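Asker: Sequence:
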Amino acid sequence: MKISADLTLGLVVHPSRPVLDSVQVITRYARRTGATVIARRCDAERVGPEIATVAAEEFADQVDGVISLGGDGTMLGAMRLMVGRQVPVLGVNHGHLGFLIEVTPSELERALDRLTEGRYTLEPHSCLEAGGFTAFNDIVIAAAEPLSSLTLDLEVNGLRHGYYRGDAVIACTPTGSTAYNYAAGGPVISPSAPSVALTPVAPMSGISRSVILGKDDHIVLRNPSEDRALLVSVDGTPADPLRPGAELSVRLRADAVDVVRFDADTHSQRNRVKLSLLDLPLRRDQLVELIPQPLREQAERLRQAHMEDPA
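For the sequence shown, the working numbering gives the first residue as 1, with consecutive numbering after it.
Among the hints, erroneous ones may be present.
[Stated by the list, open to error] Computed beta-carbon distance windows for the label pairs:
1) Arg-31 - Gly-158: 53 to 63 Å
2) His-218 - Leu-20: 17 to 27 Å
3) Pro-146 - Arg-17: 22 to 32 Å
4) Gly-34 - Gly-131: 35 to 45 Å
5) Ser-148 - Gly-236: 12 to 22 Å
6) Gly-236 - Gly-48: 20 to 30 Å
7) Arg-31 - His-96: 25 to 35 Å
8) Gly-131 - Asn-157: 33 to 43 Å
In short, the hints are calculated from the structure, not lab data.
Treat the numbers as computed from the prediction; the structure is a model and nothing was measured.
Each residue gets a CB set at the ideal place from its N, CA and C atoms; glycine is no exception.
Make a model of the complete structure from these sequences and hints.
Answerer: Following this line, the structure appears as structure tokens:
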């Protein structure tokens, strides 16, 4: 994707965070390069009158690239819109930690320059497909009643593999392994490993540890109850409940969407810092390695200056 006169950029924006400064940067840049910028009609008030809007169902077919302005949730929504379309998605972080997002608002103008110059790579992301839903992070099945447990049967490639009994079961992608799966004690999975993790939350009996399955495995999660439905959420959004006796078929779709990366090493380093904030077990010397070299050099200069003139 290079910004040019025949390119249409689509904006997907956070529903409440202030993003107009970034919208104006994109608008000015597109004006200089001759590109077109559009958004969905539902976002018209968020992007201002200068941005043309189209119906939500037309948006994905008209764009050559997408810029997400928000946090990881907004980015996930943009990625879901582009599944299977080979349309690159660039995230600009107007949220909090932003595991998926590399660019900050202050870096946006330079990022657009690099898009124009073609100096970026595309990072493929897999997703889970289940019951007509798409999840780039995770699918969570939980009991419908507060403070109650669920029972859920697991079948893989037509063979029964036991059952879960506990608070919930998480099915996640490698991207989602750092989210609820990680908080529940599940493994962190490399994005280069096309796999699915199934992690029980507070297991009471049955399968009590995470299970890692491959991209070609056909996973079925079945509700064996005769009278109790189970709650299902997809990337944190409620979905249709899993009714008594019903099953949810889960498959990994590899390379579902491409995310724009300018510096994969820097993005990886930032995520290591974010994971360390979430209690990734690193020694003090290992944490120091995560600090960018210019900041380390500045700190050393300040330390030396203080030693020479402690007053």
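Asker: It remains to establish, for every hint, whether it holds in the given structure.
Answerer: Now for the hints, and whether the structure bears them out:
no., hint, result
1, Arg-31 - Gly-158: 53 to 63 Å, "holds, 57 Å"
2, His-218 - Leu-20: 17 to 27 Å, "violated, 46 Å"
3, Pro-146 - Arg-17: 22 to 32 Å, "holds, 30 Å"
4, Gly-34 - Gly-131: 35 to 45 Å, "holds, 43 Å"
5, Ser-148 - Gly-236: 12 to 22 Å, "holds, 21 Å"
6, Gly-236 - Gly-48: 20 to 30 Å, "holds, 28 Å"
7, Arg-31 - His-96: 25 to 35 Å, "holds, 31 Å"
8, Gly-131 - Asn-157: 33 to 43 Å, "violated, 19 Å"
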